[in-house]
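S.K.: As a plain string of letters, each chain reads:
Protein chains: 2
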Amino acid sequence: MTIATDTRSRIIAAAKPRFHSRSYANVGIQEICESAGVQKGSFYHFFPSKRDLVIAVIEEFADDWANGFVAEAFDPALPPMERIDYLIDAAYFWQKSIKQVHGRMLGCIFGNLTLEVSTQDDIVRAKLLAIFSRAKSRFQDTLDQAVASGVIAPLDTSRTAEAMLAYLEGVILLAKSQNDPELLYRLGPAIKTLRVEKAGG
Amino acid sequence: MTIATDTRSRIIAAAKPRFHSRSYANVGIQEICESAGVQKGSFYHFFPSKRDLVIAVIEEFADDWANGFVAEAFDPALPPMERIDYLIDAAYFWQKSIKQVHGRMLGCIFGNLTLEVSTQDDIVRAKLLAIFSRAKSRFQDTLDQAVASGVIAPLDTSRTAEAMLAYLEGVILLAKSQNDPELLYRLGPAIKTLRVEKAGG
DNA sequence: CTTGCATTTTACCGGTCGGTCAACTAGTGT
DNA sequence: ACACTAGTTGACCGACCGGTAAAATGCAAG
Chain E
192 MTIATDTRSR
202 IIAAAKPRFH
212 SRSYANVGIQ
222 EICESAGVQK
232 GSFYHFFPSK
242 RDLVIAVIEE
252 FADDWANGFV
262 AEAFDPALPP
272 MERIDYLIDA
282 AYFWQKSIKQ
292 VHGRMLGCIF
302 GNLTLEVSTQ
312 DDIVRAKLLA
322 IFSRAKSRFQ
332 DTLDQAVASG
342 VIAPLDTSRT
352 AEAMLAYLEG
362 VILLAKSQND
372 PELLYRLGPA
382 IKTLRVEKAG
392 G
Chain V
192 MTIATDTRSR
202 IIAAAKPRFH
212 SRSYANVGIQ
222 EICESAGVQK
232 GSFYHFFPSK
242 RDLVIAVIEE
252 FADDWANGFV
262 AEAFDPALPP
272 MERIDYLIDA
282 AYFWQKSIKQ
292 VHGRMLGCIF
302 GNLTLEVSTQ
312 DDIVRAKLLA
322 IFSRAKSRFQ
332 DTLDQAVASG
342 VIAPLDTSRT
352 AEAMLAYLEG
362 VILLAKSQND
372 PELLYRLGPA
382 IKTLRVEKAG
392 G
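For the record, the sequence lines run as chains E and V.
Quick note, the first sequence lines up with residues 192 to 392 if you use the working numbering.
Quick note, the second sequence lines up with residues 192 to 392 if you use the working numbering.
Derived from the structure by calculation, the hints contain no laboratory data.
The structure displayed is predicted, hence computed values, not measured ones.
Treat the hints with care, since some could be wrong.
Identical copies look the same in the list; a pair holds intra-copy or inter-copy alike.
Stated by the list, open to error - The list that follows gives simulated cross-link-like pairs (lysine to any residue, SDA-like), each with its CA atoms no further than 20 Å apart: (1) Lys383 x Pro345; (2) Lys389 x Arg377; (3) Lys287 x Arg316; (4) Lys241 x Arg316; (5) Lys290 x Leu320; (6) Lys318 x Asp371; (7) Lys318 x Arg295; (8) Lys327 x Asp255; (9) Lys241 x Ala216; (10) Lys383 x Val261; (11) Lys318 x Ser328; (12) Lys287 x Phe252; (13) Lys383 x Asp347; (14) Lys327 x Pro380.
Let's have the full structure, built from the sequences with the hints guiding it.
M.R.: Printed below as a string of structure tokens:
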């Protein structure tokens with residue numbers, strides 16, 4: 192049952208930076224195949240459709256994050272609110288390094304795809320939703336711990352977590368419109384001022 | 192110098208809902224022409240390229256907003272912070288009504304286009320940037336007045352305005368991923384908790 | 001050595017993409 | 001009556017789109 196070739200992963204590897212930098216619709220299967228050194232017929236042996244490829248790409252990006260910056264940021268050894276600082280920092284440095292290499296701020300692949308395809312493909316949207324949902328849980332757990340340890344005043348951790356995730360995506364969007372990751376640096380820390388009070392409070 | 196026909200505006204009118212709901216790349220000029228009852232050659236009489244069309248579409252959307260909800264929300268007669276409430280409400284009801292008619296939450300056309308094309312077309316990006324810049328100014332003026340009248344504690348109104356705009360775009364993005372405008376209703380009001388302190392404070 | 005399956009190759013499909021072109025129409029000013 | 005021009009028409013361009021089919025290959029188990 193081991194994988195016989197690396198064709199599938201080469202396709203995904205070729206697709207990742209392209210979908211990230213030039214959107215879903217603007218990258219053709221032909222181009223991906225050429226870049227991966229794969230024939231088109233071979234592509235369709237591994238992926239029933241273009242949609243299946245983008246879902247695989249989303250999963251790989253999510254894994255990269257989960258095993259990289261996110262794992263570092265949401266380290267239980269860190270004080271809760273410092274984890275959020277860490278995550279913002281990580282997002283900033285990542286976008287900055289991409290811009291240095293690529294000349295452009297590419298933003299968040301999940302946000303990009305959400306706005307591009309979520310009105311047209313409910314399956315892709317569901318995949319993105321699941322990833323945002325996991326991200327929200329990370330924020331919420333952190334906030335729960337911060338409240339429990341008395342670092343911040345009690346609040347609606349579920350909604351505040353969503354608000355923080357939204358803010359992060361929004362700052363990345365605005366930074367992309369300026370092609371300038373420094374906006375993340377300037378506006379990022381304000382994420383901790385966001386508060387949704389408890390319904391009964 | 193008056194306009195001889197309404198062809199140009201019919202093209203824009205046909206393009207607006209399509210770019211809004213299905214992105215830029217996924218809507219072809221042929222489809223727009225058919226819907227507007229215009230020949231393709233006639234299209235290129237009015238628009239040198241597809242890019243010029245999308246810029247005209249962006250301008251019309253911006254005018255719609257500026258003369259509609261935005262003018263109402265940023266009414267100088269309203270207390271400053273209530274204007275922000277009003278704007279959030281307006282965004283919520285707009286998205287909700289779109290979903291009722293269209294079955295989908297389409298989100299903000301400016302945010303949508305920013306994430307889709309701003310890495311590929313600096314001219315379109317500049318147009319979007321100008322619109323965000325104007326929106327930021329509205330927020331900032333409001334915050335300046337709120338500070339001046341003592342309704343809120345002094346803060347960095349420029350950066351807080353940017354943060355608020357980012358938050359609004361982020362909440363719309365997240366709501367679109369859930370295809371649910373109610374998220375705007377639940378998270379919107381937290382926009383007023385955002386604060387970027389003055390550098391020297 | 002052979003069967004069988006996973007993988008790869010190559011050629012091909014109908015349709016659409018953004019954009020061009022030259023001919024034609026209709027209205028205006030002189 | 002004339003010329004000029006804005007607007008319109010419909011045919012056309014090469015390139016690319018996502019996807020298909022069948023034949024060829026390589027490899028491993030029997």
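S.K.: Please go over all the hints and tell whether each is borne out by the structure.
M.R.: Hint by hint, here is what the structure shows:
In this homomeric assembly, Lys383 and Pro345 come within 20 Å of each other (Cα to Cα) both inside a single copy, at 14 Å, and across copies, at 18 Å. In this assembly of identical chains, the alpha carbons of Lys389 and Arg377 lie at most 20 Å apart only when taken from different copies (12 Å versus 29 Å within one copy). In the homo-oligomer, the alpha carbons of Lys287 and Arg316 lie at most 20 Å apart only across protomers (19 Å), although the nearest pairing inside one protomer, at 27 Å, exceeds that limit. Taking identical chains as interchangeable, the C-alpha atoms of Lys241 and Arg316 lie at most 20 Å apart only when both belong to the same chain, with a minimum of 15 Å there against 27 Å between chains.
For the identical chains of this complex, Lys290 and Leu320 are inter-copy neighbours only, at 18 Å across copies versus 27 Å inside a copy, given an alpha-carbon limit of 20 Å. Taking the shortest Cα distances, Lys318 and Asp371 sit within 20 Å of each other only across copies (16 Å), while inside one copy they are farther apart (28 Å). Proximity of Lys318 and Arg295 under a CA criterion of 20 Å is satisfied inter-copy only: 17 Å between copies versus 26 Å inside one chain copy. For the homomeric pair Lys327 and Asp255, the shortest alpha-carbon distance inside one copy (17 Å) is at most 20 Å, but the shortest distance between copies (34 Å) is not.
When the C-alpha separation of Lys241 and Ala216 is checked against a cutoff of 20 Å, the pair qualifies both within a copy, at 10 Å, and between copies, at 16 Å. Taking identical chains as interchangeable, the C-alpha atoms of Lys383 and Val261 lie at most 20 Å apart only when both belong to the same chain, with a minimum of 17 Å there against 28 Å between chains. Taking the shortest Cα distances, Lys318 and Ser328 sit within 20 Å of each other inside one copy (16 Å), while across copies they are farther apart (36 Å). Within a single copy, Lys287 and Phe252 get their C-alpha atoms as close as 17 Å, which meets the 20 Å cut-off; across copies the closest is 31 Å, which misses it.
In this assembly of identical chains, the alpha carbons of Lys383 and Asp347 lie at most 20 Å apart whether taken from the same copy (14 Å) or from different copies (16 Å). Proximity of Lys327 and Pro380 under a CA criterion of 20 Å is satisfied in both settings, with 17 Å inside one chain copy and 19 Å between copies.
Checked against the numbered hints above, the structure violates none of them.
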